[in-house]
Amino acid sequence: MKNLVMKNPVMKNRALKNLVRTNEFTLAVIAIVGFGALAVATDLNLLTAGTMDAFLRFLAVPIVIGLAQMVVLVVGQMNLSVGVLTGFCAMASAWLLVEAGVPAPFAVLAALALGALVGLVNGLLVVFTRLNGFIVTLATMTILEGLRYGVNGTGTYQGYSPGLRALGGASVLGVPVVFLLAGTVAVATALFFRHSVPGRRLLASGGNPFAARLSGISNDRALVLAHTLSGLLAGVAAVIVVAAFGTVNASIGDDLLLSSFAAPIIGGVALAGGVVSVTGTVLAAFLVRLVDVTQAQFDINRRWVDLIIGAVVLGAVLLGRARDKLTGGAR
Amino acid sequence: MRTASPQPPTASAPSAAPPGARSRVLPFWANPRLGLVIVIAALVALFSSLSPAFLDPKLTLAPLQADVSVYVVVGLAQLAVLSLGHMNMAVGRMAALSTFAMGLAYDRLGVPLLVGLAIGLAVGAAIGALAGLVIAKTGVNSFVVTLALDFGLLGLVTILYTQATDGVAFAVKPAGLAELRFDTFADYCAGELCGPRVPLVVPFALVAALGVGLLFRFARLGREILMTGANPVAAELSGIPTHRRIVAAHATSGLLAALAGFMLAANNGAFSASIGESFLLPSFLAPVLGGTLLAGGAVSVLGTVLGATLTQVIYKGLNLLQFSLEELKLYIGLVLLAALSLDRLRAVLAERRAVSSS
Chain A
1 MKNLVMKNPV MKNRALKNLV RTNEFTLAVI AIVGFGALAV ATDLNLLTAG
51 TMDAFLRFLA VPIVIGLAQM VVLVVGQMNL SVGVLTGFCA MASAWLLVEA
101 GVPAPFAVLA ALALGALVGL VNGLLVVFTR LNGFIVTLAT MTILEGLRYG
151 VNGTGTYQGY SPGLRALGGA SVLGVPVVFL LAGTVAVATA LFFRHSVPGR
201 RLLASGGNPF AARLSGISND RALVLAHTLS GLLAGVAAVI VVAAFGTVNA
251 SIGDDLLLSS FAAPIIGGVA LAGGVVSVTG TVLAAFLVRL VDVTQAQFDI
301 NRRWVDLIIG AVVLGAVLLG RARDKLTGGA R
Chain B
1 MRTASPQPPT ASAPSAAPPG ARSRVLPFWA NPRLGLVIVI AALVALFSSL
51 SPAFLDPKLT LAPLQADVSV YVVVGLAQLA VLSLGHMNMA VGRMAALSTF
101 AMGLAYDRLG VPLLVGLAIG LAVGAAIGAL AGLVIAKTGV NSFVVTLALD
151 FGLLGLVTIL YTQATDGVAF AVKPAGLAEL RFDTFADYCA GELCGPRVPL
201 VVPFALVAAL GVGLLFRFAR LGREILMTGA NPVAAELSGI PTHRRIVAAH
251 ATSGLLAALA GFMLAANNGA FSASIGESFL LPSFLAPVLG GTLLAGGAVS
301 VLGTVLGATL TQVIYKGLNL LQFSLEELKL YIGLVLLAAL SLDRLRAVLA
351 ERRAVSSS
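Top to bottom, those sequences are chains A and B. For the first sequence, the numbering used here gives the first residue as 1, with consecutive numbering after it. For the second sequence, the numbering used here gives the first residue as 1, with consecutive numbering after it.
Fair warning: there could be bad hints in the mix.
Stated by the list, open to error - Chain A regions said to be covered by chain B (calculated; three or more residues, Cβ under 8 angstroms):
#1 39-50
#2 168-174
Unchecked claim - Negatives, chain A to chain B, calculated, CB over 12 angstroms:
#3 A15
#4 Q158
#5 A296
#6 R303
Derived by calculation from the structure, the hints in this document are not laboratory data. We treat Cβ as the ideally placed atom computed from N, Cα and C, and that holds for glycine.
Input sequences plus hints: build the corresponding full structure.
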């Protein structure tokens, strides 16, 4: 739709207008204005190397976890286990590092494989039981909570693999490595949905399962693939947690479930499926992080953040509705 | 307690048979409620043989009944919107805001116990109605609206408690709260005849379950809510004011959440900010275990009562056997998964039998 050949200035003008009307554009403007306002309000303290570093470092996990939720929303599913799975994978890889003495690269791979495996199980359960994905992942989330705790009880793992932690704390040209990793994952996800055949199939299946089936696409396979990818991304988030935080305990992932939904929903991903917006999800994660930093900078009660995020989620959805109505429902 | 959808059953497509027709055709063992009763009975037998303390009326059975009562009402709060095919992700926070209103009323106004309860119920119904109104007016998915509301209330409740109390809980204990917490009907005698050892909060849950059951089975309002859930377009065309029914269902959900919050506060003996934190998952567990689907249009109140009983029996039993809370979750999740898969299998088998016999 957007790849129309632009023959004359009128068409070009229309393309520009369409760009301005997108949800991503609105979010980008809000993000830039908000960031600028915060930078001025803090006397440019926000732009110092240390503050920027922390800002981006703690943005990495929200981005990846938002994408993990997004890939299942694409096929009209939900993954409630995404936060707890991140915690479980983090605990498991820390256990491998500390208790089993496994080298760091293998522990990282193990975390990714574990995440993908649990995602695969979620997907297979959804397909074979024909139960709603919400219920299946509610059950697996409860199970994973138990497993996450079972790794080391209430104990904390720390002081593992200096190499991995150094990588997690390192920066390239002032940008933290973990943020670069999250950015790479986001680009890969975007390319997957834009150019790869499996990615297009996921979108087709999510948009209209019946039409997809008639076109020879297996909806069951799409469900399994989406859940597996979601688990894999949760594994990536776990690796970032292990590398960047330096300490891991059984409470990791508790606060990720609701925010995993906030990012894609603010970013304009429909719960009904068939719509994907990596840019929107990343920008929404950025906005949420901005609210977080504002709270820290001005020493505001932590709870105001939740209040504001709630308002932003609802506001974003209502805004999208209003825009759809104005433009005649064209997406 | 299931509704019949309007379309007639077709022999060629048994999987599309409406729930009402199915319940007439299927054999009795296809009823998920029966399975729950058997599982509960088996677990009670297992736990009491492993740990005789499980049958101790004062230490185990009375608190178990009190817990079951709370989570039955929590499950019903979710059931009220599942009837529409909606979700209420803010069920715990609605309870928290309502109990804050109750605590404030007792603390500042010194109202009697039941007046405070009424105030809290009104607040719960109002916030539920607000959610319903936003959903009905904007057409935004109920999951998104109540999720946003949950975020908002999470912040609001904590801020309110910081403003009005020392930050955690109201110090006030209204008259009657202690009795509600500790007494059973065995403490009240008429001459020689004493009541059974049933905690005083149990009747609250019974009234709630009966009320919701009657609403969805006999009341016009409940039937119209179910029709709206089964097929919104058909309901609208049949002259049902679907928007108002959506608001009513969400208001009921808020009201029940407030009642559950009150009962938990009574069990804990304090109106505190932490009420409702543990409500979200059990609120889905109980109705789903009881056979209520997320698709809307059909509810099972009895199943919700049994589902809540099952989860609390497992918690209490494993707790007595010295399992930690986190380990419990592993088993609750496995039981949930097994129960749902078996239910699915049973439905498939029953359908096949129904087809081959017809």
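Verification of the hints:
1. Under a criterion of three residues with beta carbons nearer than 8 angstroms to beta carbons of chain B, the stated coverage of the region 39-50 of chain A fails, only 0 such residues being counted.
2. Evaluation of the coverage hint for the region 168-174 of chain A: breached, as 0 residues show C-beta separations to chain B shorter than 8 angstroms, against a requirement of three.
3. The claim that A15 of chain A lies off the interface holds: its Cβ sits roughly 29 angstroms from the closest Cβ of chain B, which is beyond the 12 angstroms cut-off.
4. With a closest Cβ-Cβ approach of about 20 angstroms to chain B, Q158 of chain A is found to remain outside the 12 angstroms limit, as its non-interface label requires.
5. No Cβ of chain B approaches the Cβ of A296 of chain A within 12 angstroms, the least distance being about 16 angstroms, so the stated non-interface status holds.
6. In this structure R303 of chain A is not separated from chain B by more than 12 angstroms, as the shortest Cβ-Cβ distance comes to only about 4 angstroms.
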